[in-house]
Amino acid sequence: MPPSQLKQLKASLKDSGVIAPQQSKKQKRQNAKSGAAAQNRNQRNAALQAIRDRFNPFEIKAPSNRSKFEATTRDSGSKPAPRARPGVTKSLGEERRRATLLQEMNSRNKVGGLVDRRFGENDPTMTPEERAAERFARESQRKMRKESMFNLEDEEEDFQLTHLGQSLDLEGAKLDDFEAGDLGGEESDEESSRKRKRFIDDEEDMDMDMDMDMDFIDHGENENQPERKKSKAEVMKEVIAKSKFYKHERQQAKEDDEDLRDLLDQELPDLFEALRGMKVPGKQPEPVKQDLDAMNPDRAALLQEPEKKDTEREYDQRLKQLTFDKRSQPTDRTKTEEEKVEEEAARLKKLEEDRVRRMRGEQVSDDEEEESDKDSFMQDDEDEEIDDAEAFGLPTQSYQPRPEIAVEDEDDFVIDDDLVETRSNVSLDMGGSDMEEEDLSEEEESESDNEDELINGMTLPSTTASGAASTAVEVNQTAEGKLAFTYPCPSDHASFLETIKGVPTQDIPTVVQRIRALHHPRLQPGNKEKLGRFAEILVEHVSYMANTSELPSFAVIENILRHIHSLAKTHPVNVAMAFRARLREMSNDRPLNLLPGDLAILSGISTIFPTSDHFHSVTTPAYLCMARFLGQCSVNTLSDFVTGAFATSLCLQYQSVAKRYMPEFINYTLNALCNIAPTEPTSEVGFFPSRKSDESVRLAPSKKVTPRKLQFRDIVTSASDSSVQEDLKVSLITLFVSLLDSASDLWSEKSAFVEIFTPVRAVLQHIRQSFKGKAFAAARDPVQTTLDKIDSHLARARLVRRPLLLHNHKPLAIKSAIPKFEEDFNPDKHYDPDRERAESNRLKKEFKRERKGAMRELRKDASFVAREKLREKKERDAEYEKKYKRLVAEIQSEEGRAANDYEREKRGRQGKR
Amino acid sequence: MPAPIELSSSKKRKSSKNGAPSSKRRAVAEEDGFAETLSTIEKLENQIAESRKYYNNIATLISMLNVDKSAKKPELAVAVSLCRVFSRLIAAGNFVDSSRAAENEKIVVAWLKERALEYQRALMAIMREADTASQVTALTLAMRLVKERITHIPGAEHNIWATLFKDIFEAVVEAQDGQDLQTEFVTKFVKEYEDVRYHFYVQASEYADIRRSSDTLETLISLLSTCDDVPSEDHEFETFFVEPATTNKRMLSVNAHKKRAQEAWLAILRNNLSQAQRKSLLRIMVHTIEPWFSRPELLMDFLTDSYNVGGATSLLALSGLFYLIQHKNLDYPQFYTKLYSLLDADLLHSKHRSRFFRLLNTFLSSTHLPASLVASFIKRLSRLALNAPPSAIVVIVPFMYNLFKSHPTCTFMMHREIRDKELAADIEARGMDDPFDMTELDPLHTNAIESSLWEIETLQSHYHPNVAAIARIISEQFTKQAYNLEDFLDHTYQGMLQGELGTGEKPLRKPPVVEYQIPKRIFTDRMLEEDGGVDSGPGSFMRGLWDFS
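Protein chains in written order, with our numbering: chain P, 228 to 1140; chain X, 15 to 563.
Bound conformation, chain P alone:
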């Protein structure tokens, strides 16, 4: 059984040291001195409070649910349940409400009122003396720290503490009548006032010494009218006058000192001389200085100012220059020839590596790229029906932007751009880029080449318009005089045609050069866009030129294409869009009969854009255009075949680096050979679809023919002369054969080389068979050599052929179904993998808690208000009751008196009777 409450109390009091054995007097005194007593008192109070709390079971709220057994997953088990003390919190809340809510309640429906903001007015802990002292201290503090010298407002509003209508300022006290010794009664102030008095006396003595008469008047006044109180204005005037006088005095004294010192300084050399016993050669007097010195220093300063201003300004300027000047940096060391060569080689190597990477279609580790890929993947997942073909970038319905399979290297572009910029310091483009491709051993040649190009008009445009004009003049020296110097930058093809109307074709490059020079991006801000547009126009013009004229000048087209190429380095998007527009036109309007212009555009693409890229926004559609043409075009006339031959040659040129396989090329070539060959193949030669031409284009078996190099103009012009036609046919055959020859070189590494080229061999053998006649002696040789080559390739391909081993993959792991374990699992924490959901849950919880709290507070407020109202009502009622009772008592007493009177009167009358 535990001891009784009383015993427990005693024990705890003893434990906490509240009840301690009596201390001796000496100890007490010691404690008091060292301040331990106060500390003890505090400690004792705290201990007492703790004991009170412990022994009042109603103060502490028992936890609503008993603590549960310890379990590993229970976090709350480790820390004790929080002690709730409802009494304390309630009283705290009550207190707060009384301070806020009650105030509001009382001031409700009331307008205006006085707020006492005097310091410590509502502080009951302060004595009136303390309050006054503190106020005085604050006032003086505010005086001391003057925020601003020129603050006029403060001056006005400043209210002063006064005592009996007089300012309490110390300054005022200093100079006016402090001698009124009414404070003398207090002992504590006695000493200080005495000191102050002495100070004032001293000062007055000094005054008297310095300036007799003024002081005299002053004192006289003082003496004359000792009883009259000076007004404040008078006092201030006096003070000002005095201070001015003192200042003047001090200046005077200082000047005197200066004079004296100067005098001494002047005499010093003489003194030195005297000391050394030597004579110094006559020294130059400095009259101006003298003058200045004699003058008032202010004036002297004024006189001297102009010069000084100049120097200052100069100084400022210098300073600014220095601060804004770039700090000079160490320049790059001039590179040696070897280093330059090395650098160039490294750059080219990097570009080539980039190209190879693009060719393989490798992903560049580009975050954005990956993200977009992921996005597309997500979309796929969301779709109800996943289109399998879509994953490979095939358009599903009509058109839909393809997800990028291939990657384009942006870095590459940047480097390139960079390069052009630096190069263009010397010349705009052509010379520079020519130099790039120049063999390194031919450096000198390329220099001169540079010059040539430069004279041709691609000089650096200087920053002014006159510079541009001089460029034009320079151009004029080489070109014909009749060309204009300036041309407007055209905004569409029609206006460009307008511009070059009357300009001979071979001068068009010059015009293009001039337009480019005149609208160099550095000359005007809008020029970059203009040139971009101009590049698009040039692309259009290339196809226009090749289409319109019967015999297009390829030198000019080539030049324009090179211009486009160099423009493409700065405006890749414009040029690409222009080419794509051409391709789109091709594929929509005439997919199966390409015009010469289209062929020119396709060959332009082959030089301007890298055809080896796995995916490229221009070359890939160009491939498709050509393949479609080869696969489906008509094969009826000889000129059809010439166009086809050009397209097939282009195909091989496109593939010269990447060496990708084009089925359409083989199909077309073999079919064309079968069609043109002097005799029709008797047996099935291959698996290409054979398309017969409507009119026979077969080589006449008897005529003697000589193959020649095909010309571009063969596409357009069709010779009527039969012998010329036969020549053309045999040259076509030779061309196709040589194409197959190159193709066999290109694709010799393909694993299906045997399958691809067995039909080719069959066709070639057939041709060789039909060329047995004497007429074809000239054309027989290339066929034979090609056949030999293909045979050797076939043999090699057969030798290296191995069964496919495509699936050397690591076996796929079975999907794991093991749950994911969390280290340091905490049941109170939420492990929601979805961050957004977790966040929203957290917010919801917080909102709920806040809402509950607010509702509780409001409820408590309401009950408080009700209670207060009830209290007020009770008070009022009680007052009323009191008043009522008082009145009743009064009336009753009066009544009683009246009754007494009546009784008395009655008795009296009875008595009389």
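No wet-lab data here; the hints were simulated from the structure. From a predicted model like this one, the values you see are computed outputs, not experimental measurements.
To give an idea of the interface, some chain X residues facing chain P are shown, with a C-beta separation under 10 Å as derived from the structure:
{"no.": "1", "residue": "L362"}
{"no.": "2", "residue": "L400"}
{"no.": "3", "residue": "T425"}
{"no.": "4", "residue": "E431"}
{"no.": "5", "residue": "G445"}
{"no.": "6", "residue": "M452"}
{"no.": "7", "residue": "Y477"}
{"no.": "8", "residue": "T506"}
{"no.": "9", "residue": "P521"}
{"no.": "10", "residue": "P525"}
{"no.": "11", "residue": "V528"}
{"no.": "12", "residue": "G553"}
{"no.": "13", "residue": "M556"}
The C-beta atom is built at its ideal place from N, Cα and C for all residues, glycine as well.
Position chain X relative to chain P; hints supplied.
Structure of chain X alone, referenced to chain P:
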């Protein structure tokens, strides 16, 4: 009746006299003439209605039809009024010759019948030769006559359908520029009225029994193929042109209708069809022709014949044949051999490619097929893919993937390790040939399963990046269950190009890469001597082959 003849002849003379009057006068004259003719026609018609003594007017009217002028410009008003006249007469019973009637009555009836025949002949002539509007009107009138005669002359039903309607049918089929007439016939009568359709089929089968020219056959096919709403088993026949006699049970049975249609179709199929017609028939076979057949096996001969033709015709016959195999339990010997032989050079370039692949997918979907057969198909397709357009390769590879998934034995074609040391050494030393025999016709003996798919591996470096990506699926892990073939089927050059280029100006996602070197020359021999006269720069290939000057 000399007077009316004279009238018409005078009119003729008049028109011939006014050979080329001024256009205005002629218009006025025509106007007058037209009004005049109308009133004449009306008068004549009314007279006929009034009394029998004016029956001669019928002959007058018939002669007014202008049929003798090669029916190019018929007088429609006359035709219409004649139709009215005959309808009235038929309704009045003037065409019924009872045995009790007097001799002269009989003569009148016979005369009337003769006139009616004459009128009908005129109408047929109009239908065959006149302009479109007249053709249509004549058709309506003729059909009206059919209706009148059948309703008002008892017992004539069979006769009328067999004679008059037959004439109409033939006229319609053989009409010149008869598209409108034929559509009118089909939409207004054949599709509208079930009895007309019945007799239409009867006539069609009779008509097609004889060998006809391909043009008429074409018309006939188009006529027949437009009626594609086959009555269902429990169909109630309600819409009739002429209420049939209650005794005529055949008109009310679905089977009878179907039988007629079937006969008609068979007659056509038996006729000498051109290749194009055969193809078009095969194309509509499953959806239009087959439903009419209560015994589809009758189509078997036609289908197998077509299947044996080879080429596109075989492709088209395939679906019909498949239908028979599927539903009618047709046993087609050597089906897969034949199917295998369909995989030829033109298949992948044909426009029926996707149709074929859908069927091929069905045929090869069975898991019970021998692996060697499936392997032959795979290998042959991959051979063909070497010469195929990208849109075909795009189908072939996922199709192969699906086959590999269902026939794992075939995966040796993608991955084959040679365990036999000797053989390995031999291959190492001498290389190997493709064990696959392309010329072997039987897919079970091609040795394809011993081969490898080098062709597809080569196509992994196809020029088109998407095609290359698809070809690459055979060398990746086979994690996907199957590719949905339908997604790959209907791609074309145009579609792919459009996918690349888009339809309008759309900003590129990235600025395209530009070749970093500007070549010194593209077409010409510019500055060739600087390179020592040897042209080796980019584009030298083209310059070597072509002369740009």
